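Generate coordinates for the entire structure from the input sequences, incorporating the hints supplied.
Mapping the sequence shown onto this note's numbering, position 101 (from 1) lands on 101, and the numbers just tick up by one.
It should be emphasised that the hints constitute simulated quantities derived from the structure, not laboratory data.
Note that the structure is a prediction, hence the values are computed from the model and not measured.
Just so it is clear, CB atoms sit at the ideal spot from N, CA and C, and this is done for glycine as well.
Certain hints may be false.
Here are the simulated EDC-like cross-link-like pairs (lysine to aspartate or glutamate), alpha carbons at most 20 Å apart as the crow flies [said to hold, decoys possible]:
| hint | residue 1 | residue 2 |
| --- | --- | --- |
| 1 | Lys3 | Glu62 |
| 2 | Lys3 | Glu44 |
| 3 | Lys3 | Asp31 |
| 4 | Lys3 | Glu123 |
Have a look at the derived ranges for each label pair, beta carbon to beta carbon [to be verified]:
| hint | residue 1 | residue 2 | range |
| --- | --- | --- | --- |
| 5 | Gly97 | Ala77 | 33 to 39 Å |
| 6 | Arg114 | Arg40 | 35 to 41 Å |
| 7 | Glu98 | Pro18 | 40 to 46 Å |
| 8 | Asp31 | Arg151 | 36 to 42 Å |
| 9 | Ala54 | Ala77 | 31 to 37 Å |
| 10 | Glu123 | Gly78 | 32 to 38 Å |
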Amino acid sequence: MLKGQDIVVLLALAGRPPVTMRETAARIAFDPAGVTRSLRRLTEAGLYSRERDAVLLPQAEEFLVHGLRYVFPARMAGESRGLATAWAAPPLDGEFGETASLPPVWMHPEGTVRGIALEPLHEIVPAAALADARTWRLLALVDAFRVGDARVRGVARGHLHDELRRG
Numbered sequence: 001m002l003k004g005q006d007i008v009v010l011l012a013l014a015g016r017p018p019v020t021m022r023e024t025a026a027r028i029a030f031d032p033a034g035v036t037r038s039l040r041r042l043t044e045a046g047l048y049s050r051e052r053d054a055v056l057l058p059q060a061e062e063f064l065v066h067g068l069r070y071v072f073p074a075r076m077a078g079e080s081r082g083l084a085t086a087w088a089a090p091p092l093d094g095e096f097g098e099t100a101s102l103p104p105v106w107m108h109p110e111g112t113v114r115g116i117a118l119e120p121l122h123e124i125v126p127a128a129a130l131a132d133a134r135t136w137r138l139l140a141l142v143d144a145f146r147v148g149d150a151r152v153r154g155v156a157r158g159h160l161h162d163e164l165r166r167g
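Here is the structure:
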């Protein structure tokens with residue numbers, strides 16, 4: 001069974017050249033042993049190939065777009081200060097104009113955005129986002145699938161496709 005940290009590892013590796021476990025762990029502020037365990041689960045799920053040492057992009061994209069919100073449903077809390085996610089963070093932050101509602105955020109003491117707290121996929125998400133801008137963009141897109149309406153998910157899908165292949 002996949003865990004939230006597995007999705008963070010998947011996004012950190014997707015579309016990028018192979019790197020060591022230690023480099024991957026540093027990229028997302030995680031431990032190398034945790035990365036190894038995540039890769040084992042991702043391989044079993046058919047989202048990562050050990051032979052190619054790469055994320056299987058078509059399978060990963062299909063899972064992220066269509067399955068992730070059912071496996072990792074969004075859990076919202078009250079108002080909080082944190083890091084912007086979903087449509088409030090790049091690359092979606094300019095797509096929908098201003099809204100009267102508060103944006104979704106991951107609670108974090110270094111966060112500068114006041115919004116509605118969204119429980120991240122795993123506790124390492126805010127640190128991973130701060131450590132790597134591309135991983136932050138991908139995590140925000142994944143959250144758009146978890147909390148967004150059909151319009152948001154449709155726009156996020158195009159951005160996700162581009163981001164995964166851009167590396």
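The hints, checked one at a time:
1. Lys3 - Glu62: The given pair, whose Cα atoms are some 17 Å apart, holds under the 20 Å limit.
2. Lys3 - Glu44: Holds - the C-alpha atoms of Glu44 and Lys3 are around 12 Å apart, at most 20 Å.
3. Lys3 - Asp31: Holds, at roughly 15 Å.
4. Lys3 - Glu123: holds, 11 Å
5. Gly97 - Ala77: 33 to 39 Å: Check failed, 25 Å falls outside 33 to 39 Å.
6. Arg114 - Arg40: 35 to 41 Å: holds, 39 Å
7. Glu98 - Pro18: 40 to 46 Å: holds, 42 Å
8. Asp31 - Arg151: 36 to 42 Å: Once the Cβ atoms are compared, 38 Å apart, the range 36 to 42 Å for Arg151 and Asp31 holds.
9. Ala54 - Ala77: 31 to 37 Å: At 36 Å between Cβs, range holds.
10. Glu123 - Gly78: 32 to 38 Å: violated, 18 Å
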